[in-house]
Amino acid sequence: MDFQPSSLDPVAIKIMIAGGFGVGKTTMVGSVSEIRPLRTEATLTEKSEGVDDTAQVGDKTTTTVAMDFGRITMRDGLSIYLFGTPGQDRFWFMWDELAYGALGAVVLADTRRLAESFASIDYFEGRGLPFIIAVNCFDGARRHNPQDIRTALDLDERVPVVLCDARSRESAKEALITLVTHVLNGAGTGA
Amino acid sequence: MDEPAWADEDAGPIVRPYALTGGRTRDELGGRLDLVDLIETTDEEPTRKMDLGPEHLRIRRITAEPLSVAEVAADLDLPLDVVRVLLGDLLRHGLVRRRKPASVSRLMDARLLKEVIDGLSAL
Chain A
-6 MDFQPSSLDP VAIKIMIAGG FGVGKTTMVG SVSEIRPLRT EATLTEKSEG VDDTAQVGDK
54 TTTTVAMDFG RITMRDGLSI YLFGTPGQDR FWFMWDELAY GALGAVVLAD TRRLAESFAS
114 IDYFEGRGLP FIIAVNCFDG ARRHNPQDIR TALDLDERVP VVLCDARSRE SAKEALITLV
174 THVLNGAGTG A
Chain B
791 MDEPAWADED AGPIVRPYAL TGGRTRDELG GRLDLVDLIE TTDEEPTRKM DLGPEHLRIR
851 RITAEPLSVA EVAADLDLPL DVVRVLLGDL LRHGLVRRRK PASVSRLMDA RLLKEVIDGL
911 SAL
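Heads up: the sequence lines are chains A and B, in that order.
Going by the numbering used here, the letters in the first sequence line up with residues -6 to 184, in that order.
Going by the numbering used here, the letters in the second sequence line up with residues 791 to 913, in that order.
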């Protein structure tokens, strides 16, 4: 569509904060914005059949999924919305909703459990949605080598890998700036 | 009337979420409300015929200034799809209006992305 937003239109920038369970998504959203839980109801039946024991319980088992949600207001009419993705795989349906119209994603990774980032990376690669990897250095010691991490994750050369401390506002800001810069530089074009 | 002793505030909602919507799980709008669509109260006044509940009126109060659908859901502490149904009622009665913000994706123009980078740096 040839849609050029004018300065009068409100602009919403949706950014996903993804990664495995317990990798620091909540912390990162909270360090740059006020954070609030956003609840949604999910039917477990379809997606979890054969995986969860709940499949045997009955037709419709619903559960409530909570996601972290934050807003950064840049100026009147320009806001960034941050959405922490639900941690468990069975809530993929929610990822599609979050990814719709999203600018891109920050995939948080923990070097002790790198494999937990694979699902997020696959998802964003599959959708052609720009993303960066932010390695959360829990110990504060920046001794990880981004190049090693890139190799371990089998990433495209163009995907930025940064080290960060999700607790630090500055560090979380840097990760977001890296993502927006990546998009600005034409990430994902032709992907 | 006596307060029920078996539940207090900490127990959370004691009504199943879709009871608030009369069992409806879908809003009656053509297009689904996106998480970042902005909702704003109109000058239209609610009438008794509209059969609104306290949640509808609460949404009207919090959207005096435009608020995203996600924030309305978070403020009400209700599941997203329940809030979508309630918003659908309000939209149908003309009590709120929806504005679709420009969806920023990678098609976005560079000037705006630069503004976002500068804005983030200045936080």
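In short, the hints are calculated from the structure, not lab data.
For glycine and all other residues, C-beta sits at the position ideal for the given N, C-alpha and C.
Some hints could be false.
Claimed, not checked - Now the in silico label distances, taken between C-beta atoms and shown as ranges:
| # | chain 1 | residue 1 | chain 2 | residue 2 | range |
| --- | --- | --- | --- | --- | --- |
| 1 | A | R106 | B | A854 | 40 to 48 Å |
| 2 | A | R151 | B | L847 | 45 to 53 Å |
| 3 | A | N178 | B | R851 | 42 to 50 Å |
| 4 | B | D899 | A | D149 | 44 to 52 Å |
| 5 | A | A112 | B | G884 | 23 to 31 Å |
| 6 | B | G813 | A | P30 | 21 to 29 Å |
| 7 | A | T55 | B | D899 | 37 to 45 Å |
| 8 | A | E118 | B | M840 | 46 to 54 Å |
| 9 | A | D2 | B | P844 | 52 to 60 Å |
To be verified - Not close to chain A: a few residues of chain B, all C-beta gaps over 10 Å, as computed:
| # | residue |
| --- | --- |
| 10 | E834 |
| 11 | R838 |
| 12 | G843 |
| 13 | P844 |
| 14 | R848 |
| 15 | R887 |
| 16 | R889 |
Hints, one by one, checked against the model:
Judged by the Cβ atoms, the range 40 to 48 Å given for A:R106 and B:A854 holds: they are separated by roughly 45 Å. Evaluation of the 45 to 53 Å hint for A:R151 and B:L847 yields a pass: the beta carbon distance comes to about 51 Å. Between A:N178 and B:R851, the C-beta spacing of about 43 Å keeps the proposed range 42 to 50 Å intact. Evaluation of the 44 to 52 Å hint for B:D899 and A:D149 yields a failure: the beta carbon distance comes to about 25 Å.
Separated by about 44 Å at the C-beta atoms, A:A112 and B:G884 break the suggested range of 23 to 31 Å. A C-beta distance of roughly 25 Å is found between B:G813 and A:P30, which places it inside the suggested range of 21 to 29 Å. In this structure the supplied range 37 to 45 Å holds for A:T55 paired with B:D899, their Cβ-Cβ distance being about 42 Å. Hint check: A:E118 to B:M840, Cβ distance near 47 Å, so the stated range 46 to 54 Å holds.
Checked against the given bound of 52 to 60 Å, the beta carbons of A:D2 and B:P844, roughly 33 Å apart, lie outside it. Against chain A, the non-interface label of B:E834 holds: every CB pair exceeds 10 Å, the least being about 21 Å. Against chain A, the non-interface label of B:R838 holds: every CB pair exceeds 10 Å, the least being about 30 Å. Chain A leaves B:G843 outside its interface by the beta-carbon criterion, the shortest separation being 18 Å against a cut-off of 10 Å.
Chain A leaves B:P844 outside its interface by the beta-carbon criterion, the shortest separation being 18 Å against a cut-off of 10 Å. Every Cβ of chain A is farther than 10 Å from the Cβ of B:R848; the closest lies at roughly 16 Å, confirming the non-interface assignment. For B:R887, the non-interface assignment is confirmed: its Cβ lies about 12 Å from the closest Cβ of chain A, beyond the 10 Å cut-off. The beta carbon of B:R889 is not kept farther than 10 Å from every beta carbon of chain A, the shortest such distance being approximately 6 Å.
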